[in-house]
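Enquirer: Just so you know, the sequences run in chain order A and B. Counting in my numbering, the first sequence runs from 1 upward without gaps. Counting in my numbering, the second sequence runs from 1 upward without gaps.
If you're looking for bench data, these hints aren't it; they were derived computationally from the structure. Check before you lean on any hint, since a few could be wrong.
In silico EDC-like pairs for lysine to aspartate or glutamate, Cα to Cα no more than 16 Å straight-line [what the hints assert, rightly or not]:
id	chain 1	residue 1	chain 2	residue 2
1	B	159	A	162
2	A	330	A	33
3	A	3	A	91
4	B	159	A	91
Which chain A residues stay away from chain B? Per the calculated CB distances, all over 10 Å, these [stated by the list, open to error]:
id	residue
5	162
6	184
7	265
8	286
We put the beta carbon where it would ideally sit given N, CA and C, even for glycine.
Chain by chain, the residues run as shown.
Protein chains: 2
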Amino acid sequence: MIKNDLFLRALKGEIVHRPPVWMMRQAGRYLPEFMKIKGKYDFFTRCRTPELASEITVQPIRRFGMDAAILFSDILVIPQAMNVEVEMKPDFGPYLPNPIRDQKAVDNVIIPDVYEDLGYVMEAIKATKEKLNDEVPLIGFAGSPWTILCYMVQGQGSKNFDKAKGFCFSNPIAAHQLLQKITDTTVAYLKAKITAGVDVVQIFDSWGGMLSPSDYQEYSWKYIQQIIDALKDKVPVIAFGKGCWFALHEMSKSGAAALGVDWTCSARNARYLSGGNITLQGNFDPSRLLSPPLEIKKRVHQMINEFGKDKYIVNLGHGILPNIPVDNAKAFIDAVKEYKV
Amino acid sequence: MIKNDLFLRALKGEIVHRPPVWMMRQAGRYLPEFMKIKGKYDFFTRCRTPELASEITVQPIRRFGMDAAILFSDILVIPQAMNVEVEMKPDFGPYLPNPIRDQKAVDNVIIPDVYEDLGYVMEAIKATKEKLNDEVPLIGFAGSPWTILCYMVQGQGSKNFDKAKGFCFSNPIAAHQLLQKITDTTVAYLKAKITAGVDVVQIFDSWGGMLSPSDYQEYSWKYIQQIIDALKDKVPVIAFGKGCWFALHEMSKSGAAALGVDWTCSARNARYLSGGNITLQGNFDPSRLLSPPLEIKKRVHQMINEFGKDKYIVNLGHGILPNIPVDNAKAFIDAVKEYKV
Numbered sequence: 001m002i003k004n005d006l007f008l009r010a011l012k013g014e015i016v017h018r019p020p021v022w023m024m025r026q027a028g029r030y031l032p033e034f035m036k037i038k039g040k041y042d043f044f045t046r047c048r049t050p051e052l053a054s055e056i057t058v059q060p061i062r063r064f065g066m067d068a069a070i071l072f073s074d075i076l077v078i079p080q081a082m083n084v085e086v087e088m089k090p091d092f093g094p095y096l097p098n099p100i101r102d103q104k105a106v107d108n109v110i111i112p113d114v115y116e117d118l119g120y121v122m123e124a125i126k127a128t129k130e131k132l133n134d135e136v137p138l139i140g141f142a143g144s145p146w147t148i149l150c151y152m153v154q155g156q157g158s159k160n161f162d163k164a165k166g167f168c169f170s171n172p173i174a175a176h177q178l179l180q181k182i183t184d185t186t187v188a189y190l191k192a193k194i195t196a197g198v199d200v201v202q203i204f205d206s207w208g209g210m211l212s213p214s215d216y217q218e219y220s221w222k223y224i225q226q227i228i229d230a231l232k233d234k235v236p237v238i239a240f241g242k243g244c245w246f247a248l249h250e251m252s253k254s255g256a257a258a259l260g261v262d263w264t265c266s267a268r269n270a271r272y273l274s275g276g277n278i279t280l281q282g283n284f285d286p287s288r289l290l291s292p293p294l295e296i297k298k299r300v301h302q303m304i305n306e307f308g309k310d311k312y313i314v315n316l317g318h319g320i321l322p323n324i325p326v327d328n329a330k331a332f333i334d335a336v337k338e339y340k341v
Numbered sequence: 001m002i003k004n005d006l007f008l009r010a011l012k013g014e015i016v017h018r019p020p021v022w023m024m025r026q027a028g029r030y031l032p033e034f035m036k037i038k039g040k041y042d043f044f045t046r047c048r049t050p051e052l053a054s055e056i057t058v059q060p061i062r063r064f065g066m067d068a069a070i071l072f073s074d075i076l077v078i079p080q081a082m083n084v085e086v087e088m089k090p091d092f093g094p095y096l097p098n099p100i101r102d103q104k105a106v107d108n109v110i111i112p113d114v115y116e117d118l119g120y121v122m123e124a125i126k127a128t129k130e131k132l133n134d135e136v137p138l139i140g141f142a143g144s145p146w147t148i149l150c151y152m153v154q155g156q157g158s159k160n161f162d163k164a165k166g167f168c169f170s171n172p173i174a175a176h177q178l179l180q181k182i183t184d185t186t187v188a189y190l191k192a193k194i195t196a197g198v199d200v201v202q203i204f205d206s207w208g209g210m211l212s213p214s215d216y217q218e219y220s221w222k223y224i225q226q227i228i229d230a231l232k233d234k235v236p237v238i239a240f241g242k243g244c245w246f247a248l249h250e251m252s253k254s255g256a257a258a259l260g261v262d263w264t265c266s267a268r269n270a271r272y273l274s275g276g277n278i279t280l281q282g283n284f285d286p287s288r289l290l291s292p293p294l295e296i297k298k299r300v301h302q303m304i305n306e307f308g309k310d311k312y313i314v315n316l317g318h319g320i321l322p323n324i325p326v327d328n329a330k331a332f333i334d335a336v337k338e339y340k341v
């Protein structure tokens, strides 16, 4: 049904002639056509207007021809729907004016009707599927419950999410209640996305790597596992934990179809830690896209050789940065398409 | 000569009845007596006035009786001495109004006479040694050249130091020139500190973990190795790289007396990756000091059991946070002193 099924085949672990490629945040600020839309509509208008979200989603596919599209949206639509105000401040990032800091605030968090409160996402998926015309698969995503809690409690981005961690370690009961509410919402949300048409789901645990291995199991992984359990029989699930090299062994036994890794974990370490059998996705340092295009190509080929062409999805190790020249992004994608064993 | 030589013995790998303990940033904002001095004198006045710096250094030793003191100072006195302006903005952190972004700026960076430009640090060491009266050893420190470059180029703290990395990857020749200048300055600076009286030296590579393993070797580790080579026959050197688990094997062969590890690397992984023979230092999650005191003690004892009492120095995995209650810091130190095999 999907014409270019390279991505789906890599997720199944099938033999391929070259690995598929996409980039986290590929629908984003490094693209002039994205900046044009950004100039006219604010962040949440872009998320909430299916015509805009779908247009932004397909922009990078048109320009570069990646092997998968990822729906333009944001992980923070979840706290918004859960009755926690989220603003997106220019040159600052997310800002939550009423962060959660006690049991009462946790009690006030609601589990929303995702069709009612996040229906615009499902509409955006339908509009995107029409535009994609089954050329490539569409990825839907959500933040991990831990990562969502980080923002809900900290109230903004942070180098160490000290307030979020402090809340968990001084008030673990309330923290676990909040994590369960986020998990229940996320499962319902991703199920609705799948019904609306996404072919694959990725969980972004951007801040899991701030936790010790045992705290990661307790505060992050066990909730991600609930999400994987609820979805894995419907679509392939990719679990990406930035800085979570220490959990790759546990993650490899979870039923996830693939695991994302960042650039601090070498291909060799990632294969070793994940047991050698599961599809891996990553792990080019986003800042390395500031190298000259020829060097990018050389490094991409080296990366594919190190991971191996099978059971592998070429990607960055985190989202593409806004200051990457379009030609450099193109070199990254082209290098994969030009790859010969 | 030093009355409590537990720390020095652990650095030599000798058998001890319990591991020594100190805390990164132990002379800091969680202490009421520090806040009193902070209220009266700005940051660089505190660094530059030997009476103040030495007083701040011994405050935590008086209150808690750690097994080592670490000189109150800042890694950014180095760029300051190298002709790069550094401000410390309240509620913001370091700010460098003229960050280095091109070859010309690199050319303008000077290698200072450390006795002339950083003489106040040597005076602070002498004042501290007098106050300590040989009760415990005194640690001197410096940032790694990579970490110093991060601030010099980025101009402030950052989640990903994208400008610093972009500078290196698009202008590697200028980057290496800058790193070598910082390295030469740091070697001279630490040699002067040793002459002034510090018993041990620690290199803080706070941002090494932002690099891929191969970029870490190229942009960070090879300069740290130069520093270790220059100092290791004079005093024990501790190399601490936050997030640098992937380099522990290389680091273990460097001649460093001990390696610092953060809390994302379990004791078992740290021992395995570092070859099992070198003294390790760490790795309590600073946010875990927000747990209740009894739980802190339980977790500290568990941590010692996991690392083993020998070839081990109890510490946090990064600096103590400003919001830690004094009783919780006390619980951390007391737990080590109460430890029984």
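Enquirer: Could you tell me which of the hints above the structure violates, numbers in ascending order?
Expert: Violated hints: 3, 5, 7 and 8; rest satisfied.
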